[in-house]
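> Sequence:
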Amino acid sequence: MDLIPRPAYIDWLEKWRSHDLVKVVTGVRRCGKSTILQLFRQHLQDDGVRADQLIVINLEDPDQERTFSAGLTLYETVKHQLVPGQPTYVFIDEAQHLGELERTVAGLALEPTVDLYLTGSNSSFLSGDLATRLTGRYVDIHVLPMSYAEAAAHLPAASATPGAAPFDPLALYLRHGGFPYVLRLGDDETMIRQYLTSVLNTITLKDIAPRQASFSPMLFDSVLDFMVDNVGNLASIKRISDTLTSLGRKTSRTAVEHYIAGLVDSYVLYRAPRYDVKGKAYLENSAKYYVVDPGLRWALLGGQRPDAGNRLENVVYLELLRRGYRVSVGKVGAAEIDFIAELDGAFTYIQVTQRVDSPDILARELAPLRAVPDHYPRLLLVGDDTESVSHEGIRQISVRDWLLGH
Numbered sequence: 001m002d003l004i005p006r007p008a009y010i011d012w013l014e015k016w017r018s019h020d021l022v023k024v025v026t027g028v029r030r031c032g033k034s035t036i037l038q039l040f041r042q043h044l045q046d047d048g049v050r051a052d053q054l055i056v057i058n059l060e061d062p063d064q065e066r067t068f069s070a071g072l073t074l075y076e077t078v079k080h081q082l083v084p085g086q087p088t089y090v091f092i093d094e095a096q097h098l099g100e101l102e103r104t105v106a107g108l109a110l111e112p113t114v115d116l117y118l119t120g121s122n123s124s125f126l127s128g129d130l131a132t133r134l135t136g137r138y139v140d141i142h143v144l145p146m147s148y149a150e151a152a153a154h155l156p157a158a159s160a161t162p163g164a165a166p167f168d169p170l171a172l173y174l175r176h177g178g179f180p181y182v183l184r185l186g187d188d189e190t191m192i193r194q195y196l197t198s199v200l201n202t203i204t205l206k207d208i209a210p211r212q213a214s215f216s217p218m219l220f221d222s223v224l225d226f227m228v229d230n231v232g233n234l235a236s237i238k239r240i241s242d243t244l245t246s247l248g249r250k251t252s253r254t255a256v257e258h259y260i261a262g263l264v265d266s267y268v269l270y271r272a273p274r275y276d277v278k279g280k281a282y283l284e285n286s287a288k289y290y291v292v293d294p295g296l297r298w299a300l301l302g303g304q305r306p307d308a309g310n311r312l313e314n315v316v317y318l319e320l321l322r323r324g325y326r327v328s329v330g331k332v333g334a335a336e337i338d339f340i341a342e343l344d345g346a347f348t349y350i351q352v353t354q355r356v357d358s359p360d361i362l363a364r365e366l367a368p369l370r371a372v373p374d375h376y377p378r379l380l381l382v383g384d385d386t387e388s389v390s391h392e393g394i395r396q397i398s399v400r401d402w403l404l405g406h
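In our numbering, the protein residues as written are 1 to 406.
Since the hints were derived computationally from the structure, they do not count as laboratory data. Incorrect hints may appear among the rest.
Stated by the list, open to error - Here are the simulated DSSO-like cross-link-like pairs (lysine-lysine), alpha carbons at most 27 Å apart as the crow flies: (1) K250 <-> K206; (2) K79 <-> K15; (3) K238 <-> K280; (4) K238 <-> K250.
As the list claims (entries may be wrong) - Pair ranges (Cβ atoms, derived): (5) Q38 <-> I361: 43 to 51 Å; (6) A281 <-> P62: 47 to 55 Å; (7) D129 <-> R253: 23 to 31 Å; (8) S69 <-> D225: 27 to 35 Å; (9) R137 <-> D188: 15 to 23 Å; (10) D385 <-> R103: 49 to 57 Å.
No residue lacks a Cβ here, since even glycine has one placed at the ideal position from N, Cα and C.
All chains should be modelled from the sequences, with the hints used to inform the complete structure.
See the structure below:
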């Protein structure tokens, strides 16, 4: 089976190759972390690295997980396989399953010839004792499912059937998302939904439920459905709990808080904090949440929801993360800005909408951007294909062109 290239991630790994730092690759399950490291190993061998200089341990493999689940077995095993006088590249997949994680990783990081690469599907593995032991001695990159630009190069070709609807790759991406394996399932939506549902089930069973003091599958499903259904809406723990209670779900704020934290830690949800532009402060009472991939939302809720604007907003949020921005949602007086994207101290203000086909809609979408008191760039991203125009310094561009980097 051919591997789908992810050149941006390979370039990052190559940049940090042989530096005396642990390389950590994080991201939701099935987003392509293991494939990226496999591609990088091919790159290393193409560059002359011998096979005996590569040590690969996959802790998703039950046999390897059992072997290395206790004590410092992995550390001792790797030490015995090091090639004298040569660099040895050590890859540990799903390192959160490793017994004695902190001591093992810290010990391997001290070996002068070891170049160490880790992947993890839960943010908690890179916290606490491990982060303390590796302070200043690791770099990390976060992997997301494929972007629209990546996926568009591999989507099925347009149908030549007379009378068929025009092929729209963006609409297909908004529906099926960018998990790499989805692209291998063609246009069989039953298989795609089953696959994406299995991804969610695996995350729940392996990354969320075991970390809860008590776990109610019915309540967890209710919280997940609510969060996915309310992508792009301001949410607070109290509001979520009160809403579920009003729907007859027996819950508590503590349970809701723990389940949302589990979804964030496992990279299913991302939290965008709210920022007061004029007050120059983050607001702690509420935030917006976004799903790691539009396909997961479709698999849970179906494709008939009349919320194209929220789906576009979700995709734009993820793309900003891919481009390295720190993203928050904005408040300017009474007005709300969809995104404030910060990179190296510079800001871009972004509003996302499906269409601006009337003067009233256009005025409503421009108003928050016009209320911004500084002069950083301001963008209005529109779902309908549109020519790039300027509204007194506010650039309007189609979401499709922006996602493709135009």
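> Given the hint that K238 pairs with K250, does the C-alpha gap stay at or below 27 Å?
It holds: about 14 Å lies between the C-alpha atoms, which stays within 27 Å.
> Just to be sure I understand the hint, the distance between the Cβ atoms of A281 and P62 should be within 47 to 55 Å; is that true here?
49 Å, holds
> With a cut-off of 27 Å on the C-alpha distance, tell me whether K79 and K15 pass.
Given that 27 Å is the threshold and the Cα spacing comes to 25 Å, the pair holds.
> Falls inside 27 to 35 Å, the C-beta gap from S69 to D225?
Since S69 and D225 have Cβ atoms about 34 Å apart, the given range 27 to 35 Å holds.
> Taking 23 to 31 Å as the hint, is the beta-carbon distance of D129 and R253 inside that range?
29 Å, holds
> Starting from the hint 43 to 51 Å, judge whether the C-beta atoms of Q38 and I361 obey it.
47 Å, holds
> Verify the CB-CB distance for R137 and D188 against the hinted window 15 to 23 Å.
At roughly 46 Å between Cβ atoms, D188 and R137 fall outside 15 to 23 Å, so the hint is violated.
> Is it true that the CA of K250 sits at most 27 Å from the CA of K206?
Roughly 24 Å separates the two Cα atoms, so the pair holds.
> Using the beta carbons of D385 and R103, state whether their distance is inside 49 to 57 Å or not.
Holds, since D385 and R103 (Cβ atoms, about 55 Å apart) stay within the stated range.
> Has the given pair, K238 with K280, been kept, meaning a C-alpha gap of at most 27 Å?
25 Å, holds
Consistency with the previously given hints fails for number 9 only.
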